[in-house]
Every structure is written in structure tokens, then in C-alpha cells.
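Single-letter residue listing:
2 protein chains.
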Amino acid sequence: MQLLKERILKDGTVKPGNVLKVDSFLNHQMDISLINEIGKEFKSRFSECPITKILTIEASGIGIACITAQYFNVPVIFAKKTQSLNLDGDMYTTKVQSFTHKKVYDVILSKKFLGPDDHVLLIDDFLANGCALLGLIDIVRESGATLEGAGIVIEKGFQEGGDRIRNMGIRLESLAIIDSMSDDSLTFRD
Amino acid sequence: MQLLKERILKDGTVKPGNVLKVDSFLNHQMDISLINEIGKEFKSRFSECPITKILTIEASGIGIACITAQYFNVPVIFAKKTQSLNLDGDMYTTKVQSFTHKKVYDVILSKKFLGPDDHVLLIDDFLANGCALLGLIDIVRESGATLEGAGIVIEKGFQEGGDRIRNMGIRLESLAIIDSMSDDSLTFRD
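So the protein sequences, as listed, match chains H and Y. Take the position in the first sequence, starting the count at 1, then add 9; the result is the number in the working numbering. Take the position in the second sequence, starting the count at 1, then add 9; the result is the number in the working numbering.
There's no promise every hint is true.
Estimated spans, in silico, between C-beta atoms of each pair [unchecked claim]:
id	chain 1	residue 1	chain 2	residue 2	range
1	Y	G26	H	H110	27 to 33 Å
2	Y	G26	H	D99	27 to 33 Å
3	Y	V28	H	L12	39 to 45 Å
The list that follows gives simulated cross-link-like pairs (lysine-lysine, DSS-like), each with its CA atoms no further than 25 Å apart [claimed, not checked]:
id	chain 1	residue 1	chain 2	residue 2
4	H	K49	Y	K90
5	H	K30	H	K14
6	Y	K14	Y	K24
7	Y	K14	Y	K52
8	Y	K120	H	K24
9	Y	K89	H	K111
10	H	K89	Y	K111
11	H	K111	Y	K24
12	Y	K104	H	K89
13	Y	K30	H	K120
14	Y	K104	H	K112
15	Y	K24	H	K121
16	H	K90	Y	K90
17	Y	K89	H	K90
18	Y	K14	H	K112
19	Y	K112	H	K111
20	Y	K104	H	K90
21	H	K112	Y	K30
22	Y	K120	H	K19
If you're looking for bench data, these hints aren't it; they were derived computationally from the structure. Here a beta-carbon is modelled for each residue, glycine too, at the ideal position from N, C-alpha and C.
Between the sequences and the hints, there should be enough to build the whole structure, so can you do that?
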């Protein structure tokens, strides 16, 4: 997605440890006009899929999922990160490892909101090692719903998440895939 | 807001400990059509204010803030909850007590995204004791920005948050104020 790539080149910054900061437009401050274009692009790429729910994970995926959901006319459900076991009612649960925060947390979704009749599109802002997305995939499988695919805004193509997901036979649409980055350059996959 | 009140009566459930569950349409599964009506209502109530930024706090406020921001044509910024002190660059910080999780966490917002020229609308899904909203107010004051007001979807009018905010002279628009609730009844303020 050209508009997104241009924005990453203009406003993204690379920090030590392969960190790409896009907090001025995507995941701390959010440029809603850009995110609308992102939502339209996801709709265009998954237009033939009979999506009934968009599933994301808190926190930074929620806004993108909500804007995108307007183009699909479906509800958003978001999985919650928790370290408590004080769960209300029946929940799908999985575990996700966070490299950023160096811990494992439980991720939960109420069983009320996802079942075998659903067709799910996963949405998230970033894909790196793939742990968060694999957690969501786990939840979809547990629910018996059909996974139509995953839409990611920025994929770090030099980390293993994208390959892991694609090798599972899951349709993955990343709007910008970064193949390499350093302080003064950033290369997108064609 | 009549549509919202009807939806709360239809799909909300009261749990022990004065907990109102609206997770089927507001803060776990999100009915995007309803949230669009909520966004329009906030725009109508704050239409004369020169809003430049919508500020919310992760996680469940983000989707509502993003949908609402479309009607104001402004970016969303969301404060992050953190227990780490590994902060990148200059941050506004405050502390918020969570009664639900029984702990105090740091709330941060990058100084890059809010300053004296900004006019801020706060958006959140719930107002009960007011701790989260007071944290956001603290951040706005620290930034020197003008606080135009706060838009809340559901206020628990029998808890002290609403009075605390209004007594500070801050304009607070809650789309549904619940004055009392029990297992089999729920009373809205007129």
C-alpha cells in the first residue's frame, strides 16, 4: 500500500534493537484519515470473504479494527490480555509471549462472541515474531469458526512471524512488509 | 441518548458488586453501528468546540475514540498504562488507581503529541469513580493544552466520579447516566 509506505518513510524512525517507531500516526497518536484508507484496503483485499466478525487483540489493534469494521459492516471483538484468573463465565483462553515486556500473559475471549458459524478476519497493527497473531489463531480454532485470513498493517519481514503464519496455510495480507531496516535506510518487499 | 439507553436495557446485565456488563456491544464485542451513533452524538454536543485532539486511555476507549474522531476530523492519542519505567523520550506521566485490578499503574503520553496549542476532548467508555478520567485531566494540564470537555458513554451516577469532575468546572457529557441498578431494574437520570 503505497500511501502507507510513504508515511512510514516520512514519519517512522528506527530505534536500536530493530524497533520501528510509528507512534506519530499508528499506535500512540492515530491518523484516522490514514487508518480509513487502511480499512478500505483491507476491505478490497478480503472483499470476496463472507466475514462476520473482526477479531483483534488489545490495545493498539482496536482502533484499526473498528475503523476497518465499518467497511465490512460487522462487529469487532477484541481479545483481552490478563494476568488474573478471575474470569467471568466461559472464555476461550490462550497464552502469548511478549518479547517487548518479557513475560507470558493469558489472552481471553468470551465464548459468547465467537462460534462455528462465524467467519473471522484477524486485524493487528504489527507482525514480528507472530506470537500475538498465533494466539488469536488459536482462539479461532478453539471456537470452531472459519478463519478467513489476517490483515496486518506493518510486517517485519526479517522476523519469523510472517513465514510461520503463511506456512500454516493461512492467508496473510500485510500492507507494508519491511525486509530490512537500519538507522538510515528501510527496504520494503515488492 | 435514547438509542444507547434502550440498548443498555436490552443487552446490559447487572452483576454482583455494582458491575454493569455491556460487553456484547461496547467493550469486548463492539457494535460499530451503535458506536458511530455515539460518535455523532459527541460531535453534536461538542460541535462548537475547536477540538484538535481526542485523548483516551487504553484499551476499551480506543475504538470509541477512533470512530468519534471521524466526526471531528482530528487525530486520536491514547495514553498507555504501564508498570515499566523503561520510557522512550519525554513523557507526560500520572498515576491511576484501578479498583477492578486493585493496583496503581503509571499512565504515560508522549509529549510530542500534546502541547499548549491543542484543544482536547477526552473520550472514554465508562465513568465510575473517575480515576482514569482524572489521570487524563492531569496529563492535559501538564501539557498546557486547553481541556474542552469529556465525553463518556456510560456514567455510573451513583459513584463519585461524575460529581468530582463536574465540581472541577469541567464540562462532562455522559450519554447515559445510571442513577441506580439492581438485578432486575436500572434507572437512568433524566
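Hints not upheld, ascending by number: 2, 4, 11, 18 and 21
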